[in-house]
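K.L.:
So the chains spell out like this:
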Amino acid sequence: MIRKMEKEYAGAKLGIWLFLFTEILLFGGLFLLYATYLSSYPREFAIAGREMHLGFGTANTILLITSSLFAAMSVTAVQQGEIRKVLNLLGATIICAMIFLVNKYFEWSSEIGHGFYPDSPRFSAGPIGEALFFSLYYLTTGLHGFHVLAGVGLLTVVALKVRRGAIHAGDYVLLENSALYWHLVDLIWIFIFPLYYLVL
Amino acid sequence: MNSSNHPTLPLTSFWNDTGKCGVSAWVFSTDHKRIGLLYLYSVLISFLVAVLIGLLLKIELMAPGRTIMGPVTYNALFTVHGVLMIFLFIIPGFPGVFGNLVMPIQIGASDVAFPRLNLLSWWLYITGALTIVLSLFTGGGPPDTGWTFYVPFSVRTGTNVSLAVIGVFIVGFSSILTGINFVTTIHRLRADGMAWGRLPLFVWSIYATAWIQILATPVLGITLLLVVAERLLGTGLFDPSRGGDPIMFQHLFWIYSHPAVYIMILPGMGIVSEIFPVFARKPIFGYKMIAFSSLAIAGAGSLVWAHHMFTSGISDMAVLVFSFLTFVVAIPSAIKVFNWVSTLYKGSISLEAPMLFALSFIMLFSIGGLTGLVQGAAATNIHIHDTQFVVGHFHYVIFGGAGFAFFSAMHYWLPKFFGRTYSEKPAMISWGLMFAGFNLTYFPMIILGMKGMPRRYYDYLPEFAPLNLISTIGSWILAAGLAIMMINLFMGLLKGRPFGSNPWGGATLEWTTPSPPPTENFDEEPVVTHGPYDFNRAGVP
Amino acid sequence: MADIEKDSHHIIRYPKLVMVWVFLLLLTGLTVWVSRLDLGVLHVWGSLAIAVMKAFLVIAFFMHMRYEGRLLRGLLLLTLVTLAIFIGFTFFDLSYR
Numbered sequence: 001m002i003r004k005m006e007k008e009y010a011g012a013k014l015g016i017w018l019f020l021f022t023e024i025l026l027f028g029g030l031f032l033l034y035a036t037y038l039s040s041y042p043r044e045f046a047i048a049g050r051e052m053h054l055g056f057g058t059a060n061t062i063l064l065i066t067s068s069l070f071a072a073m074s075v076t077a078v079q080q081g082e083i084r085k086v087l088n089l090l091g092a093t094i095i096c097a098m099i100f101l102v103n104k105y106f107e108w109s110s111e112i113g114h115g116f117y118p119d120s121p122r123f124s125a126g127p128i129g130e131a132l133f134f135s136l137y138y139l140t141t142g143l144h145g146f147h148v149l150a151g152v153g154l155l156t157v158v159a160l161k162v163r164r165g166a167i168h169a170g171d172y173v174l175l176e177n178s179a180l181y182w183h184l185v186d187l188i189w190i191f192i193f194p195l196y197y198l199v200l
Numbered sequence: 001m002n003s004s005n006h007p008t009l010p011l012t013s014f015w016n017d018t019g020k021c022g023v024s025a026w027v028f029s030t031d032h033k034r035i036g037l038l039y040l041y042s043v044l045i046s047f048l049v050a051v052l053i054g055l056l057l058k059i060e061l062m063a064p065g066r067t068i069m070g071p072v073t074y075n076a077l078f079t080v081h082g083v084l085m086i087f088l089f090i091i092p093g094f095p096g097v098f099g100n101l102v103m104p105i106q107i108g109a110s111d112v113a114f115p116r117l118n119l120l121s122w123w124l125y126i127t128g129a130l131t132i133v134l135s136l137f138t139g140g141g142p143p144d145t146g147w148t149f150y151v152p153f154s155v156r157t158g159t160n161v162s163l164a165v166i167g168v169f170i171v172g173f174s175s176i177l178t179g180i181n182f183v184t185t186i187h188r189l190r191a192d193g194m195a196w197g198r199l200p201l202f203v204w205s206i207y208a209t210a211w212i213q214i215l216a217t218p219v220l221g222i223t224l225l226l227v228v229a230e231r232l233l234g235t236g237l238f239d240p241s242r243g244g245d246p247i248m249f250q251h252l253f254w255i256y257s258h259p260a261v262y263i264m265i266l267p268g269m270g271i272v273s274e275i276f277p278v279f280a281r282k283p284i285f286g287y288k289m290i291a292f293s294s295l296a297i298a299g300a301g302s303l304v305w306a307h308h309m310f311t312s313g314i315s316d317m318a319v320l321v322f323s324f325l326t327f328v329v330a331i332p333s334a335i336k337v338f339n340w341v342s343t344l345y346k347g348s349i350s351l352e353a354p355m356l357f358a359l360s361f362i363m364l365f366s367i368g369g370l371t372g373l374v375q376g377a378a379a380t381n382i383h384i385h386d387t388q389f390v391v392g393h394f395h396y397v398i399f400g401g402a403g404f405a406f407f408s409a410m411h412y413w414l415p416k417f418f419g420r421t422y423s424e425k426p427a428m429i430s431w432g433l434m435f436a437g438f439n440l441t442y443f444p445m446i447i448l449g450m451k452g453m454p455r456r457y458y459d460y461l462p463e464f465a466p467l468n469l470i471s472t473i474g475s476w477i478l479a480a481g482l483a484i485m486m487i488n489l490f491m492g493l494l495k496g497r498p499f500g501s502n503p504w505g506g507a508t509l510e511w512t513t514p515s516p517p518p519t520e521n522f523d524e525e526p527v528v529t530h531g532p533y534d535f536n537r538a539g540v541p
Numbered sequence: 001m002a003d004i005e006k007d008s009h010h011i012i013r014y015p016k017l018v019m020v021w022v023f024l025l026l027l028t029g030l031t032v033w034v035s036r037l038d039l040g041v042l043h044v045w046g047s048l049a050i051a052v053m054k055a056f057l058v059i060a061f062f063m064h065m066r067y068e069g070r071l072l073r074g075l076l077l078l079t080l081v082t083l084a085i086f087i088g089f090t091f092f093d094l095s096y097r
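Chains as they are written, first to last, in the numbering used here: chain A, 1 to 200; chain B, 1 to 541; chain C, 1 to 97.
No wet-lab data here; the hints were simulated from the structure. Don't take every hint at face value.
In silico BS3-like cross-links for lysine-lysine, where the CA-CA straight-line distance does not exceed 30 Å [as the list claims (entries may be wrong)]:
#: 1; chain 1: B; residue 1: K288; chain 2: A; residue 2: K7
#: 2; chain 1: B; residue 1: K20; chain 2: B; residue 2: K495
#: 3; chain 1: C; residue 1: K16; chain 2: A; residue 2: K161
#: 4; chain 1: B; residue 1: K451; chain 2: B; residue 2: K495
#: 5; chain 1: B; residue 1: K282; chain 2: B; residue 2: K425
#: 6; chain 1: B; residue 1: K346; chain 2: B; residue 2: K451
#: 7; chain 1: B; residue 1: K346; chain 2: B; residue 2: K425
#: 8; chain 1: C; residue 1: K16; chain 2: A; residue 2: K7
#: 9; chain 1: B; residue 1: K425; chain 2: B; residue 2: K58
#: 10; chain 1: A; residue 1: K104; chain 2: A; residue 2: K161
#: 11; chain 1: A; residue 1: K7; chain 2: A; residue 2: K85
#: 12; chain 1: C; residue 1: K16; chain 2: A; residue 2: K85
#: 13; chain 1: B; residue 1: K451; chain 2: B; residue 2: K58
#: 14; chain 1: A; residue 1: K161; chain 2: A; residue 2: K7
#: 15; chain 1: B; residue 1: K20; chain 2: A; residue 2: K7
Partial selection, computed: residues in chain C whose CB lies under 8 Å from chain A [said to hold, decoys possible]:
#: 16; residue: T31
#: 17; residue: S35
#: 18; residue: K54
#: 19; residue: A55
#: 20; residue: V58
#: 21; residue: F62
#: 22; residue: L75
#: 23; residue: L83
#: 24; residue: L94
Note that the Cβ used here is the ideal one computed from N, Cα and C, for glycine as well.
Please construct the entire structure, taking both the sequences and the accompanying hints into account.
P.N.:
Take a look at the structure:
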């Protein structure tokens, strides 16, 4: 019986990593497009990149890194059987994620307000290339934001299960895998941040 | 062969031993065998619909000019034919049907690693399939872009591309989950003694396939989402008037879709690698090389995508590199063919239905592979690009290769799961008709392409008429063979004579359990003590 | 089979995780600071190098990869190499047009 549990634990771990690999390649397609269009339109990308709000970007980076820390700590906490602490840490992770999304909302609204969106009159008139930057920016951060939202849902379910006692020091693979997913969301952002907010 | 024992059906099996046999006990079952059969029925429905559409296309091409349909209908039908055959039949077919039915038993497991995820995969497949069907009858009508959804046409056409593409996206997600499930299963659930060097070659091929599903399918996912974004939001990523590059769509599309043809063919190669040793009564020749070449094909096959784009305006350097890499893929493919032939050499060959299909696989796949090299070479590619040659080549590989391997596997393995078997004589007749009809249908296409007949047109110049007529007649013979095969197979599986646990004399684990197997597959956990083709030690010399 | 199980229940203590977090914040500060300098092409590669370092920290410690067996590490490497090839080989086309 113990051996079977151990097998399932290792299997679940392998399974979630394989899933994360697919996520890496899903975003990989967008990074591929970014790389090719950056090489085709370096000047236009630089001009468009200067319109980005560095403040929002940096704040969101810090938020995600911090939420990742909380998620990692929650795994340590469950391993040590500190259930109260697990719940607090998961709550903190979720709050960070929510603030991230609120930030994102204000950032997008401001940008759209300035006329930066696909097919906008501003881009139809302007030089080609700048619009590509913003299209990619919206698609990449939009897809990422969707993953943040999914992560919030997932972590909420996990928190409820911890409270019900379904996840505990003896069986916490679901919590661990959800944390892994959450770290991946952070990882993707670690690359989005410099590529869209900094290099240009 | 070992037919001396008079087989009887076991009283209980996965069909009835849980006591749950209603429809909901099937569509919500997490048993890999039931899910495999659900996949079988679903992919066969897609296949038969696509066959009928293919016959209509061939009738249209029977004579120059309008025969039974106009260009608009023709465009829609060849698109639907391609989408159904590729995304709903052959990509999910092998992993979904035989990966599910056979792979867990071959490694001595009682189920896959994530049974509920497996069920979700099937439901996603059905959801995606229904979405695709829905796209045919709603919005602007069936998509007319070809199964490749090339921009800019797929962005501009008024037909219902968005919904069809979303359907394909969902089917792709199903494929990813199956891949994750199978890699985990093969890593974690092998029985005691089932070392990597004792894995049946079919399992090796499913393993290589699963990796392509995991690493390449997400790229298709994002590409399709970008097409939808392009249509609905006007992102302009592939629109040259706004700086986008339509060739980037082709790169992204083929980064998935070239490896995807190995999702279609690799399991077929695995299947014939199972069948040759059993029907030649000889251990497989070059086990390690065949296993390794499956991985090598998956790896090298992921590096050659741009050979679909030689005439699209990619750089000469890219043509050179990708042409060279394409030739590299021929090496592991040829390794397999030579090893199969060496396995047959001096074997005691018995020509039964599975073997006939498997033998014709070698021939048809070789023609398909060699015509592939004609296209892989940069110079000849330009001459035959977008002609009937490509259609002929592709059908030789995917229908003559993967399709015949699929039929071979249906004859070899399905009796195991139904406990009853088909009649041999109609099976052989159907094989003969299909083999003859197949070559009559598709070989003329190869010649027509070299003469310059383009593909994807409902009309052609009069000088192409004779060969097109032959091809159309061939398609009827092929269809007749197919009909006989399906009727014979399913009549036999449902009402035929009982099928013993190991009538072929196979040495892999699925032949050590009753036909049909119980829900847990084995009465007691198997311990593996010999290789998959060690007939002597398996007691079936 | 055993290689995936090696030490998979390793517990990482809080102070270590917080240390990693501090390093991540420092690298974030560094990358923002570097972006203000005028480095030309080095800009892209410099920022990516810092991002890779951050990713390494997250994967190694937050995601416990340092304590996993060879199998997962190898498969992660396979994935990253695959992605690098998909992006890199596309430039056989773009760089020579």
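K.L.:
Looking at the structure, which of the earlier hints fail to hold?
P.N.:
4 and 6
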